[in-house]
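Take the two lone chains, each set in its own frame, and fit them into one complex as the hints suggest.
Protein chains in written order, with my numbering: chain A, 1 to 302; chain B, 303 to 649.
Hints were generated in silico from the structure; no laboratory data involved.
The structure displayed is predicted, hence computed values, not measured ones.
All C-beta atoms in this analysis are idealised placements derived from N, C-alpha and C, irrespective of residue type, glycine included.
Any given hint could turn out to be false.
Below, simulated DSS-like cross-link-like pairs (lysine-lysine); rule was C-alpha separation at most 25 Å, straight line [as the list claims (entries may be wrong)]:
#1 Lys-189(A) x Lys-544(B)
#2 Lys-236(A) x Lys-189(A)
#3 Lys-144(A) x Lys-544(B)
#4 Lys-150(A) x Lys-544(B)
#5 Lys-194(A) x Lys-236(A)
#6 Lys-544(B) x Lys-194(A)
#7 Lys-150(A) x Lys-189(A)
#8 Lys-144(A) x Lys-189(A)
Selected chain A positions facing chain B (Cβ under 7 Å, derived; list incomplete) [what the hints assert, rightly or not]:
#9 Gln-136
#10 Asn-146
#11 Ala-149
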Amino acid sequence: MFESDKPQTNPPSLDSARSSVRLETIGHLEHKDNNRPVLRPGSPRLHADADAPQVIRAEYFSFFYGSKEGVKDITLDIRPRTVTAIIGPSGCGKSTFLRSINRMNDLIPNTRTEGILAVNGQNVYDKRTHLVNLRQQVGMVFQKPNPFAKSIYDNLAYGPRLQGIRRRGDLDEIVEHCLRDAALWDEVKDDLHKSALALSGGQQQRLCIARALATRPNVILMDEPCSALDPLATAKIEDLMTQLKNAYTIVIVTHNMQQAARVSEFTAFFCLGKLIEYGRTSDIFTNPTHKATEDYITGRFG
Amino acid sequence: MDIRKPNVTILQPTSGADRVRSEQSKPVAEFSRPLLLSPGQDLLGYVTGHLGRGTLFVITLVSVLAVFLIFWFVIREAIPFLKGESLGQTIARLTEFLTGKNWYPEAHVHPEFGALPAIVGSVYVTAVALVLSVPVGLLCALFLSDMAPFSIRQAIKPVIEILAAIPSVAYGFFAIIVVAPWLQHTFGFSTGANALNAAMILAIMAVPTIISVAEDSLSAIGREIREASYALGATRAETLLKVVIPAAHSGIIAAIILGMMRAIGETMVVWMAAGMASQIPSPWWDLSQSVRPMTATIAQEMGETARGTVHYYALFAIGCVLLIFTFGMNLISEHFMARIHRREGGR
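The shape of chain B in the complex, shown without the other chains (with noise of 0.2 Å):
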């Protein structure tokens, strides 16, 4: 049988043309104004453009610039310490720093520049942030895309930003005076400024970040795709589980590196609420010892370091370090991103 062909006469529309017609009979508005540009606004055109053009594209390349200043300046100042007089003595001196347990700069006799209490620090405090913050992130992320109502969503999101926007200082503030004494009296550690007091700050800061990131990322899946789990006899957690947060995966990855970033980046807080002692904890998971992450250790002993020293210069060298860990993951980051904006143009 052929499909094609109508099984019923249908009635003939009515022609459009006539009802064109009858609505041209009112007058025109004038439009008869010249169409090419006299020579004057020729020129003037050409120069606004390209100055208009000009200035935005210097002011741009003022903040490009500025990060790759940044970038030669810390580099610039951490090679007097790495460079020995041979190929094999800087990759001595590189091991020495990287691998080194002990960090005695201002010694009299024997200085010892070894860094790795300082990189184990950021990274110990910074894993322990992102287990308790990414949890705690992504089931809210899921509650205000998925389950909240729209007023409650709209009543969220601005305290959630609020969170992100309190001083580093502040949380400071709030780590020894409220949570180190806490930790202390309910938990016996011997100091309440301590690996798992700054990572629990940390963890409240990365929160917001983690947060914003993965709700824009779940709710720029469509509401059709949600619909057509719904509409195949899918559950709400069967739709998150499986149509959902697959398709997300890639902003929710984005999510908790740059929570991840904001955490191993923060200064003033690991500052105020890690203790401040330049040792790897011992054992290793004991989260109640004092520890001096990278941010700490620039902060502290840079102002009172003299310019020129070795002291200095091993400061920037762990900057170095540091700068490498961010630009890494803010890459790997910058991946994934790209991956939701190609899923979102693709559509």
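Same shape as in the complex, but just chain A (with noise of 0.2 Å):
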């Protein structure tokens, strides 16, 4: 049965007590301090060693297109059920460490990594990662809305189908759930069988993010998911982002720093392929400590 009411996400302290034994086992990493991005009190990160529980955890993860470096070095832990926003000028990086998560830049010839990037305790970049399962975990809302060609029913039950749910009644209760958490079951209740290629681009956008959830996911990420819609549109996807995180955790990018300080909890800038900064949203846009921070979110460069 689909029940996405309760947090998918393990408990705490069985999630972290796992990430740390298989941090051990596995990061032989050199302590390269000269490259340490600065960590807020508060921050995650700081806190990473103990008890406090974290879904994502980025140990010196590096990713190398070719010879060239798309990120390096990232340092962070991203928290359960909170909105991280991912900042930062563009080619900075922001969405190649975004993708790396569910390794979507797997698609991408000649691509390597550095590093750790763990998924609940998990090096995803492990040999045997079973990717269709971290897909499922980890969903992800592209900058463009993308539906497939088919009907609104048939878009939000891809996912399940794949998982081996056939059942009429259980897909129809999925459906109906997921366009619901997405705020768009009133608006689509009527035309289900209808092509999703019909609904508008902010409509198409929430079919997306509902098309995401039914996977029943821990994690949900989101690059850039308004940049292409209008402001009511986006309106209604941040506040779809203040409720959903109430049982998934959010990681998005966005260039847009009034949508960062809205949404979003924790904040990480990039820059040129580094975190420059990490921390509070509230912190880092209110007394940013780094220089670079501070001319990018007072619009001085980028």
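Written as structure tokens, this is what we have:
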């Protein structure tokens, strides 16, 4: 049965115990202290070694396109049931990092990684990682709404059907539930068997969010989900994020600083492939430590 | 809770106007040219514009006219064969032409013009060619669009295009010298020049068309759609079967129809490889028997027929049937191609 009313994350204690075991066994990394990002008081990273739970943990994670570096030495933890915003100028590796989390970058040839990127305590770049299960647990919403050329119902049922859910009643329940969670049910409940391409851009994006929810993930990655939408549709999606964070961990890449300030609890600032500053959104936006962060959020560059 | 309200105070951006003002002190280039055309320039522009448009229109019209002229010519030459003294007689002739099994155009006493063996031969050879070429072509297209690394795709596509550029008479040689003896020795057929031989060669000729059109339509399905599927936990096979192929189905159908047109219109290969026996295979599934498709019939007999005889007009009637076949298929493929373009434009 489908029950996503309850958060899907594992109990924190088990979670961090598993992850620390994994990280100890794989992680023989030298500590390069000169590369350490600025960690603010209250940053989850400072508590990572203690019992503070984290869903995503990066340890000196680097990603290479051929010989070119996408991101370098990223170290950060992302806490469950929060919205974490990743901001930074274009080409700074925000999306690369985000897409590394569910290994969407695997589709690009000639790439490699270094360091550790763990989801629920499991290094996703382990050779034996079950990609299908990883992507089921880590859902993704893309920059451009990308519904399949199928009916709304079939778009929603796509993920569950891949997992072998075939019974009509179960599928109906999942479809309704996810559309309600994505605040789209009232608008489309009479048109479930019409093409998803007939929806407006904002509705399509909420459909994509609903579709991502339908695989019952722990984590939802959002890659500039509002950049193709008008302000009203953006407001709806932001509303949605604040509701969804009660049950899901959300990581969002955004170019819109106000959006980061409005929806996120934690903010990571990336620049030139490096994590410059990471901490509570309120601290980053009111009192940035790093000069580059301050320049970026006040609009002096980027 | 009102989430529109930021939960933190944001530092205000610095004014962009300060920066712009500081850049305006540089000297600006001189742009003070007249904004009105002189009367001479105006006239010249008018004349050259219309001349250019007219020339291109006439050239385009010529190729369109050529199509209509060919249609008109073939139909005009076919009419004397089909037209009887009354409507009933015309229908009788048409029925005899389309259903008659005997083609004895030069018989002195009672010539017979039954085109059915030629029509059946064409359909037969084309259908078998499609059965062979469609699976191969579509699987190749899938491999090229979704599996092959970029470098392999770059190496394979030109080779496939060369396959389409080989003259059909060269394929004919191959059919007679290599395929026919092989069929005879391996399967014990009484003749190597038969329907199977022609269908195999036609399949090889149709494959490049099918691959390139199908590959184009598969590649036109954007990366974002594939990513959406992978991100939901689909494997590559699931993505291809459940998302990519359904989305590209109109292009795939168009590819099959274009391959079919390539096969049905082909003359030289069937002339050389099909055995040239005007008969309907019996039993119907016997691929080892010789056939003579419509194209080969026309090509073989047209040169030996006196102009203005019944035989001459009968060959044009066969041409008409062929034209109707290909025209119909072309319409269907246009329909599906238009659907691809609509989808691309709609993005």
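Here is what the structure says about each hint:
no.	hint	verdict
1	Lys-189(A) x Lys-544(B)	holds (24 Å)
2	Lys-236(A) x Lys-189(A)	holds (18 Å)
3	Lys-144(A) x Lys-544(B)	holds (21 Å)
4	Lys-150(A) x Lys-544(B)	holds (10 Å)
5	Lys-194(A) x Lys-236(A)	holds (22 Å)
6	Lys-544(B) x Lys-194(A)	holds (18 Å)
7	Lys-150(A) x Lys-189(A)	holds (16 Å)
8	Lys-144(A) x Lys-189(A)	holds (23 Å)
9	Gln-136	holds (4 Å)
10	Asn-146	holds (4 Å)
11	Ala-149	holds (5 Å)
This entry satisfies every hint, going by the numbered hints stated previously.
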